[in-house]
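Novice: One-letter residues, chain by chain:
There are 2 protein chains.
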Amino acid sequence: MTRPRTPRGSVVLLSGGMDSATCLALAVQDGRPVHALTVDYGQRHARELRSARALARHYRVGRHIVLTLPLGPLLVSTLTRPGSRLPRGRDRGRSIPPTYVPARNTILLSLALGYAESTHLGSIYLGANAIDYSGYPDCRAEFLRAFEHVAQLGTRRGVETGRGIEVRAPLLRLSKEAIVQLGERLRVPWELTWSCYAGGKLPCGRCDSCRLRALGFDAAGVPDPLVRRPARSGAWA
Amino acid sequence: MTRPRTPRGSVVLLSGGMDSATCLALAVQDGRPVHALTVDYGQRHARELRSARALARHYRVGRHIVLTLPLGPLLVSTLTRPGSRLPRGRDRGRSIPPTYVPARNTILLSLALGYAESTHLGSIYLGANAIDYSGYPDCRAEFLRAFEHVAQLGTRRGVETGRGIEVRAPLLRLSKEAIVQLGERLRVPWELTWSCYAGGKLPCGRCDSCRLRALGFDAAGVPDPLVRRPARSGAWA
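Listed in order, the protein sequences are those of chains H and S.
Taking the numbering used here, the leading residue of the first sequence gets 1, the next gets one more, and so forth.
Taking the numbering used here, the leading residue of the second sequence gets 238, the next gets one more, and so forth.
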């Protein structure tokens, strides 16, 4: 395993949501091998894990790692505390949303970094978005560049080759509408994705994540297969 | 939990070895509260976990988190692969030792970062050492400074106050001899620590970690309570 190899291919941080699904589609388009890493950190919407598995199968990734990392005792956040109220639209607009999970993207990126270096993959795809999640400190370009610097200084590859592992966040400056449009072009199977924070059998339609998703699909003029259409078909995805 | 507090106190990354034990003693000396975080990432020397628990009890830390994080499927390293040969003295001197675990300190620091921000602790203590572990890319001062930059940009505290979480690596430029001398002054209970990679009931005395420990104790002229003395007492610690 010490034979030097040209770093190529990527690992995609795959939550199962529409953003990471679009990232996965982009990574596959950019070139194989593509692996996926899903971290189950005890978030409420464990329903996303099933979506992540379905997406990994759909895109036939080289390897899909599902890592169980119980962050509940470690971190304090709405998303990891079972009893707490989910954020709704009226909560938005604060500087940092209550759904912020301390150091989440740093933790996810560090795990992906270890995996990428172990498996000789050259880049990490992360579905971070600075438009809709502008309040999250770890969804900003300067944070991602700082992490790339850590990746260069803190890995064998970085030290030996002067090149670390690239962090790609292709959705960073896209609106949800633009993400839906991009996903449409890439033929992302939206019916396999999951966005709702509530984690029921069907999207709740009211949480922050459902509303953002709906805004994106509506603005792009694309029907969301997960949402029941008023009359006509009446079918669930 | 959103009330702003002055960040004080620290979380110590506590493996159970002599370096992290000395860090813990320093953190306690520097001021409370002191919490400890031990990450069981499937390393061979799980015996260290018992030492970590004993040290946390000895120093009466505010909280000791033991996080199980099975990195085996994720990372490739001698320390996490059960069948592989342990490094001995003759392996040392390479640029990066075979015991290097990809992105290990980045992963450990990111977990400690999330914990520190969640619990309003101002600093992270890490027993990294650039003398004996000079080959490890993630035991260098520039790596630690780069991580601090990530901590400032990627956390709520960093964004809202302009000050992130400080990474303290007080042993970075100390030899093993100097660490033993420092620990003696701080009255570190060496008998509770564990360094051996082999993870048997008693230190193997042959692995890299045992040899470094022995060199340190010998140079400092301090008897290691874990090592059987030739004659006289004949007792094990």
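No lab work stands behind these hints, which were simulated from the structure alone.
Owing to the predicted nature of the structure, the values given are computational and were not obtained by experimental measurement.
Ideal Cβ positions, reconstructed from N, Cα and C, are used throughout, including at glycine.
Careful: at least some of the hints might be erroneous.
Chain H residues, not near chain S, derived (Cβ > 10 Å throughout) [stated by the list, open to error]:
id : residue
1  : Pro33
2  : Arg47
3  : His58
4  : Leu71
Computed footprint of chain S on chain H; a stretch qualifies when at least three of its residues, placed anywhere within it, have a C-beta under 8 Å from a C-beta of chain S [to be verified]:
id : segment
5  : 60-70
6  : 100-108
Novice: Which hint numbers doesn't this structure obey?
Specialist: 4
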